[in-house]
Amino acid sequence: SNNDARSAPRAKLAALDEDKGGGGIQSRAAGVAVVKTITRQTRKDRDAKVTQHTVCDSSISGGSKSEETNHKAEAQRWLHVAAFRHLHPKALVRLGNDALEEAKQMLHSPRDAKSH
1 SNNDARSAPR AKLAALDEDK GGGGIQSRAA GVAVVKTITR QTRKDRDAKV TQHTVCDSSI
61 SGGSKSEETN HKAEAQRWLH VAAFRHLHPK ALVRLGNDAL EEAKQMLHSP RDAKSH
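Residue 94 in the working numbering sits at position 94 of the sequence shown; the count goes up by one each step and never skips.
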């Protein structure tokens, strides 16, 4: 009977999911799985590039700084997608922390101090 008690909520959720035409919990779970897969692949690619740059540290040129800027912009774009389209809590917190840090840097920048 303990097993029945555990499976009853799942069965109820599955029935609700079917009533919604396949949206809901299953599609959310699929979306989470996609984000996790993308994140895992991105980390793997990033780690490989970090290892490559660590080994060839002396060969970093101005072009790689541009590449780094492009990677940061792409990461910000995906962070916005996760936060605002999928309402991912950690992405929302990260964007909030980044905004606070940026405001703090702007507040303490030398250029800002001269204008006051």
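Read the hints as simulated data drawn from the structure, not as lab findings. Some clues are possibly wrong.
Only pairs whose alpha carbons sit at most 27 angstroms apart, straight line, appear in this in silico DSSO-like list of lysine-lysine [what the hints assert, rightly or not]:
hint, residue 1, residue 2
1, 44, 104
2, 65, 104
3, 90, 49
4, 72, 49
5, 12, 49
6, 36, 49
7, 72, 90
8, 90, 104
9, 44, 12
10, 49, 65
11, 36, 90
12, 44, 72
Do the hints match the structure? See the list:
1. 44 x 104: It is violated: about 32 angstroms lies between the C-alpha atoms, which goes past 27 angstroms.
2. 65 x 104: Satisfied, since the Cα-Cα distance of roughly 25 angstroms is no more than 27 angstroms.
3. 90 x 49: holds (25 angstroms)
4. 72 x 49: holds (13 angstroms)
5. 12 x 49: violated (46 angstroms)
6. 36 x 49: Roughly 20 angstroms separates the two Cα atoms, so the pair holds.
7. 72 x 90: holds (18 angstroms)
8. 90 x 104: holds (21 angstroms)
9. 44 x 12: violated (38 angstroms)
10. 49 x 65: Status holds; Cα separation ~13 angstroms.
11. 36 x 90: holds (13 angstroms)
12. 44 x 72: holds (16 angstroms)
Going down the numbered hints, you'll see the structure goes against 1, 5, 9, while the others check out.
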